[in-house]
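Trainee: Sequence:
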Amino acid sequence: MVRVWDRVVRSFHWALVLSFVTAWLTSHSSEDIHHWAGYAAAALVAMRLLWGVLGTPYARFSQFVRDPATVLRYLSALLSGREARYIGHNPAGGAMVIVLIGAMGSTALTGWLMTTDAYFGVPWVEAAHSLAAHSLLLLVLFHMGGVALASFRHRENLVRAMITGRKRKAEPADIA
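The numbering of the sequence shown is my numbering, which starts it at 20 and goes up by one.
Bear in mind the hints are in silico, worked out from the structure with no lab data behind them.
Don't be surprised by glycine CBs; every beta carbon is placed ideally from N, CA and C.
A hint or two may mislead.
Claimed, not checked - Just the calculated beta-carbon pair ranges, DEER-fashion:
| # | residue 1 | residue 2 | range |
| --- | --- | --- | --- |
| 1 | Leu158 | Tyr58 | 19 to 27 Å |
| 2 | Arg179 | Trp43 | 36 to 44 Å |
| 3 | Ala146 | Ile194 | 36 to 44 Å |
| 4 | His162 | Val72 | 32 to 40 Å |
| 5 | Ala146 | Thr183 | 38 to 46 Å |
| 6 | Val141 | Ala195 | 46 to 54 Å |
| 7 | Ile182 | Thr134 | 42 to 50 Å |
| 8 | Asp136 | Arg92 | 47 to 55 Å |
| 9 | Ala103 | Thr134 | 28 to 36 Å |
| 10 | Leu168 | Asp136 | 15 to 23 Å |
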């Protein structure tokens with residue numbers, strides 16, 4: 020086994036899960052808890068952006084952010100059952116990380132705007148927040164599906180890897 024996900028990445032991931040679930044479940048029942056969950060999500064996004072530049076090798080954006088053509092080639096290989104195993108994020112997973120961070124940031128920002136004097140009660144801000152939150156839920160479901168698919172295809176429990184930080188060592192055909 021090899022250490023891939025550091026403690027910061029793992030803590031970020033599960034804290035973001037907790038803040039999103041809390042915000043979702045309290046969206047119509049407990050305004051204070053909903054707001055604090057949103058503030059926590061915003062702080063986590065800011066921290067992850069910083070860690071994506073300064074963090075350990077597999078945490079850095081430079082390790083997993085790929086150009087759209089590379090992501091499309093990976094998805095094509097995935098559809099044909101020929102995708103490579105990556106020790107860190109595969110190109111589709113890396114793209115999903117960026118999209119999820121952006122969607123969470125958008126949701127937090129529009130939620131915060133709704134609490135300000137300038138945007139309180141403004142319909143387009145409320146609509147943008149609702150759209151961002153519902154889009155984020157859909158993205159989370161896609162993310163979970165991708166994790167399940169990659170876990171199955173590569174015979175590796177990626178949820179466990181996000182808990183322990185460890186993955187199977189690279190084999191000759193794998194991409195480190």
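Trainee: Run every hint past the structure and note whether it holds.
Mentor: Consistency of the hints with the structure:
no., hint, result
1, Leu158 - Tyr58: 19 to 27 Å, "holds (21 Å)"
2, Arg179 - Trp43: 36 to 44 Å, "violated (25 Å)"
3, Ala146 - Ile194: 36 to 44 Å, "holds (41 Å)"
4, His162 - Val72: 32 to 40 Å, "violated (22 Å)"
5, Ala146 - Thr183: 38 to 46 Å, "holds (41 Å)"
6, Val141 - Ala195: 46 to 54 Å, "holds (48 Å)"
7, Ile182 - Thr134: 42 to 50 Å, "violated (34 Å)"
8, Asp136 - Arg92: 47 to 55 Å, "holds (49 Å)"
9, Ala103 - Thr134: 28 to 36 Å, "violated (45 Å)"
10, Leu168 - Asp136: 15 to 23 Å, "violated (46 Å)"
Going down the numbered hints, you'll see the structure goes against 2, 4, 7, 9, 10, while the others check out.
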